[in-house]
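Asker: Single-letter residue listing:
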Amino acid sequence: MKKLTPITTLALLITLVGCSSEEEQPVTTEPLAQDEVTVAVVETTAARSGEQIYQRHCQSCHAPGPGHPATLLLAEKLGPDKAVIKGRADLTAGYIKTIVRGGLLEMPPFRPTEITDGELDVIADYILAPG
Amino acid sequence: MKRYYPQGMDPARFDQAVKELQQVVGEEWVFMDADTELQPYLDRMSAKPIDYRVPSIAVAAASVEEIQAVLTIARAYSLPLWSTGNGRNFAYGGPAVMQSGYVHLDLKRMNRIIEVNEDLAYAVVEPGVSYYQLYQHIQEKGYKLWIDCAAPGWGGLIGNAHEHGAGYTPYGDHFTFQNGTEVVLSDGSVVRTGPWAMNGSKTPHIVKYGYGPYLDGMFTQGNFGIITKAGFWLMPEPPAYKPFLFTYERDEDLHQIMEILRPLKINQVIPNSPLVEHGRYTCCVQANREDYWTERTPVPEPVWQQMYKDFDVGAWNVYGALYGTDETIAITWPMVKQALLSIPGARAFEQGDRPDNDVSWNYREKLMRGEPNMSEFAMVNWGGGGHLNFTPLTPSSGAHATTSYENMAKIFEKYGFDYLTEFVAAGRAQIHMLILAFDPRDEDERQRADACSREIILEAARLGFGELKANLEYMDLVAGTYNNMDNGLAKLNQKLKDILDPAGILSPGKSGIWPSGWPEDQKGNPQGNGD
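Quick mapping for you: the protein sequence lines, in order, are chains V and Z.
The first sequence begins at 1 in this note's numbering and counts up by one.
The second sequence begins at 1001 in this note's numbering and counts up by one.
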């Protein structure tokens, strides 16, 4: 059985019973003052590094190993040597940018609101870099 | 690709509207080139050609104020706006607009996590916040909270919950755990629901109803407003978590599986909604189809049986989890195990029992504790990229599950597709998930997929199993199956639409709800006008 960090009894009851009885409702807890909560976390897309963009948008499908749909498909279509895109020598920046915007096979395109035009160069450089 | 204009609009007048929209959001956030900029706003995964639903432009607003300004222009020029957040929702239309010529209102730039409250266990987010983004934020902050995500982790909290989406932890019914909505109506006014409507409210995201009618549900799968913020309850990380898998050898075991699961789920012995996944589904997320069957005909049963052996899975595979403390799980696990092992041939697997490279176990174990991943998206590979999902809702019983399973199997067989399916044992009802995988580049497969889809929807309705969701192409068809009391529900939706959106500018046709006066001959004619 996986051990996880202990929490309060109240929170556990909420988890277990889905807030089904009155005495276990989360509203019985004293509300926190406004300045005690996390407010306005803005994810900017302007200054992300290639690694950050890759981690957010690419690696869950393109990382090595089982469980990554794009790696599975590319292994079938192109062979295991070309299954992982990171560091592939036969790719070009222009090709990568075209696929990100236009999609390919099972990969849908990414909108400029997800990966900006400026970030296309950054992500292409990161993918092309060895390692 | 030709350029489309909003229905009936003179191109010169539309160009003037575009200039005004550019002044609101900035020129760089209005996309117009159909061959380049608008490509990511098309749906490549449905049964219609890629150029079937092409927006005139896409406008990316970054704030409530920009949305209000966009609405002012839309009302003045009668622009139909089709809004999306993360723009995923593939299998149901993805980022595509209902009809060619609509203006796509892209809200992905609204990606603020407004608040995470660890003690009261909730978050407030904007429409562009994805599961990955919130998960990463919680990890970075070290909050002892879990999110509940859809299987493809690139989806968004607001979009998924308001499309009646589901996840895999005990908080899997996403809209049930939504609390408080901020909506911009078509006239530009902003509304906050429930306790959030009170100035200085201390409970905007921890009490769902507040005073007066509960309106949040009206903004799900609808077109009565644009959702700009919403709160979501998050699950406190439990001290103990125990995922499990039970496998079964025979198709006919489905009946008894569902009979066993019903009381375990309704009584909350199993807190999440167990997935009863057919072996075909389990295999298609980890195998390349061509490694086993190179024909486009359905994979024969002996080949499936070989895959079950290769991946060590059953004809049916039940994934679920227990949550709590070691002590509580020590009580419930023997009950669950004894019940689910009572079917001859059943096998039980716990953490550590499956090989390290077991894709299905690994991604489901992550999902059931709220870690987003993309592993299940591999099923899209199975048919060649196209996929349509269907969700008949059946009562939780072995008889209903078997009826739905067998009747839908005949339809898949008739149209020549692999029958990929699972049941979500949600308690009193079951969601019968059907995945229709096909090659969207093949005209014949697309046409068969379209015909198959329509028959699935109508057969499910004949059985009394309504759909939970619908692809854009089938929204009118599904809406038409909810038709008793002389189409009472549709008429009520029509009244609400006409009152709340008299200009008919918000997502016309969403869920079968069209503005009054929308030309009948344009409904179901998504090509719009263009040059």
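Any given hint could turn out to be false.
Subject to a maximum C-alpha distance of 30 Å in a straight line, what follows is the list of computed DSS-like cross-link-like pairs (lysine-lysine) [stated by the list, open to error]:
no. : chain 1 : residue 1 : chain 2 : residue 2
1   : Z       : K1048     : Z       : K1469
2   : Z       : K1523     : Z       : K1491
3   : Z       : K1414     : V       : K82
4   : V       : K77       : Z       : K1523
5   : Z       : K1048     : V       : K86
6   : Z       : K1002     : V       : K97
7   : V       : K77       : Z       : K1366
8   : V       : K82       : Z       : K1366
9   : Z       : K1048     : V       : K77
10  : Z       : K1309     : Z       : K1414
11  : V       : K97       : Z       : K1048
12  : Z       : K1141     : V       : K86
13  : V       : K97       : Z       : K1414
No lab work stands behind these hints, which were simulated from the structure alone.
Asker: Does each hint fit the structure? Answer for all of them.
Answerer: Hint by hint, here is what the structure shows:
no., hint, result
1, K1048/Z x K1469/Z, "holds, 18 Å"
2, K1523/Z x K1491/Z, "holds, 17 Å"
3, K1414/Z x K82/V, "violated, 38 Å"
4, K77/V x K1523/Z, "violated, 40 Å"
5, K1048/Z x K86/V, "violated, 33 Å"
6, K1002/Z x K97/V, "holds, 23 Å"
7, K77/V x K1366/Z, "holds, 28 Å"
8, K82/V x K1366/Z, "holds, 27 Å"
9, K1048/Z x K77/V, "holds, 25 Å"
10, K1309/Z x K1414/Z, "holds, 27 Å"
11, K97/V x K1048/Z, "holds, 26 Å"
12, K1141/Z x K86/V, "holds, 29 Å"
13, K97/V x K1414/Z, "violated, 41 Å"
Consistency with the previously given hints fails for numbers 3, 4, 5 and 13, ordered from lowest to highest.
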